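**Q** Residues per chain, in single letters:
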Amino acid sequence: MTDCTRRTFGCLVGVGCVATLGARVARAQAKARVVVIGGGVGGATAAKYLALSARELEITLVEPRPRYTTCFFSNLYLAGLRSFASLTHGYEALAQQYGIRIIQEPAVAIDPAAKTVGLESGGSLSYDRLIVAPGIAFKFDAIEGYDEAATQTLPHAWIAGPQTQLLRGQLEAMEDGGVFVLTAPPNPFRCPPGPYERASLIAAYFKRFKPRAKILILDAKDSFFEQDLFQDAWERHFADMIEWLPGQFTGGIKAVDLKTRSIKTASDSFAAAVANVIPPQVAGLLAQKGGLVDASGWCPVDPLTFESKQQPGIHVIGDAAMAGDMPKSAFAANSQAKMCAFAVAALLTGSQAQSPHLFNTCFTFLAPDDAVSDAISFKPGGGTIKIGDISLSQVGENEQTRREAARAADGWYDAFTHDVFG
Amino acid sequence: MRSAGFFVSAPRALIALAMSAGMLAWPADRSGAAERDRGAQIAAVCASCHRLDGRDHGIPSIIGLDAATLVAEMQAFKLGERPGQIMRVMSLSLTAEDFAAVARYLAAQPKDTNPR
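Chain order of the listed sequences is A and B.
Heads up: the first sequence is residues 1 to 422, going by the numbering used here.
Heads up: the second sequence is residues 1001 to 1116, going by the numbering used here.
In isolation and in its complexed conformation, chain A is listed as follows (with noise of 0.2 Å):
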């Protein structure tokens, strides 16, 4: 920044400038548009990471909500060891430090032909390239009984905002001796740990404030990720207050009964005094109607550009695009944007894309002083993204071990969050 400061006001007092100057003038007349819609990390960080790389491009976020609440760390608000502000982030610092435009209402529709985005509203956008955020949508037909109303009684929390204030209004009123019945999804569903580190963290806040109730894990799953790390967690800290039933003894999570707060499996029936059902995936609403996802409901991108491999001219980051091995998380979603941004920036105005980086990290609390963190570097390759360097954590890790990773997950949160929206 320093040597461009500088040259820039070189270039301002020298006669030889006048000419370049009057020549970009015209150019920026017809600055190349990118419209990126989703305000989530993935979103917010491609716009962040195209304005940053490439000023000559006009970038136009669409985002209905005015703040975003990072599902990431919620878990720590639901076991009552963060606010729920610490996890809201808004969009001014991207519009008044980078310059992007912000649209506040839901973009509807996708028109690839006429390269236009429709606005709730009735406006529509027309852009040169469009980047698509729209994270998750749950399949609301495979649970029987649960639909849209039903998370106003059974929360999914997945999404978080008010579904995370919701379930952690049940757990505070919820009477001692009660048990608590979680649902985990089949694959592939945003955060593989996430279900299994509520169930930690809010045994956490159980084992402190309500001893005699009980967690319930009915899985769709027969495994999951890092199971050894957290049921030797669970044993250690938490005795027997957490069980888990895999698929092939529940025969899968059939149905739900709101009147009873009852899950229903194949083989049983399990009431419970606070459910929180977290029901299968697909990609957000706006992809299946935009003609982006395949017929797993995901959608199958480029590896390098993340280009949509169903629309040319869209690209589809975060948890919505099939992206190989990675995850569904906020840091691979974070990574792909930047990847993305790059990509974009450098077919737009000829700059140069350098060879991509891509990563995730994890910080994962097998209780409030008790973390893991993970890290995997993916190559593209073969039309794909692959694993390359892994490393993770081990059941035996010493106590100060766990403690340090607690503490640097905090300093993550703050860093990552301010690489998002700061």
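Hints in this document: simulated from the structure, not taken from any laboratory.
Among these hints, one or two may not hold up.
[Claimed, not checked] Counterexamples of contact, computed for chain A against chain B with all Cβ distances above 10 Å:
| no. | residue |
| --- | --- |
| 1 | ARG33 |
| 2 | PRO64 |
| 3 | HIS89 |
| 4 | ALA114 |
| 5 | SER121 |
| 6 | ASP176 |
| 7 | ARG212 |
| 8 | SER223 |
| 9 | PHE249 |
| 10 | LEU347 |
| 11 | ILE376 |
| 12 | LYS379 |
| 13 | ILE390 |
| 14 | ARG407 |
| 15 | ALA408 |
| 16 | ALA415 |
[Claimed, not checked] Per label pair, the in silico range of CB-to-CB distance:
| no. | chain 1 | residue 1 | chain 2 | residue 2 | range |
| --- | --- | --- | --- | --- | --- |
| 17 | A | GLU404 | B | GLN1075 | 19 to 29 Å |
| 18 | B | ALA1068 | A | GLY123 | 48 to 58 Å |
| 19 | A | GLY90 | B | PRO1060 | 51 to 61 Å |
| 20 | A | PRO246 | B | GLU1081 | 40 to 50 Å |
| 21 | B | PRO1060 | A | PRO162 | 56 to 66 Å |
[Stated by the list, open to error] Just so you have them, the derived chain A footprint on chain B, three or more residues with Cβ under 8 Å:
| no. | region |
| --- | --- |
| 22 | 1039 to 1046 |
| 23 | 1061 to 1070 |
| 24 | 1083 to 1093 |
A quick note: this is a predicted structure, and the numbers were derived from the prediction, not measured.
In this text, a Cβ means the ideal position worked out from N, Cα and C, and glycines have one as well.
Following the hints, put chain B in place on chain A, whose structure we already have.
**A** Just chain B now, with coordinates in the frame of chain A:
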């Protein structure tokens, strides 16, 4: 042709002035600009965990250090001489040229000294 202005932290007035001028003086040395772009794009990876405004809220700041120190640190992570799971995976994916480009880029970043 593009700005090297990643992680802007210069005074707002300077930024506004630079932006109004288009900000983009054509670099005298094209290979230098390419290296800054490479450094900036790798630094973007660092920014997912390290604040690049010099603040340290739990993850150490990596700007304002000299380039040789940064390269030596990354090399130590890569060789496993310095512990750190995340940094080991990050450093393994980078070449010696990547280290040099990102270290020079980070070493040139000014710290934001405004209290926030």
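**Q** Enumerate the violated hints, using their earlier numbering and listing them in ascending order.
**A** 11, 12, 13, 14, 15, 16, 19, 21, 23
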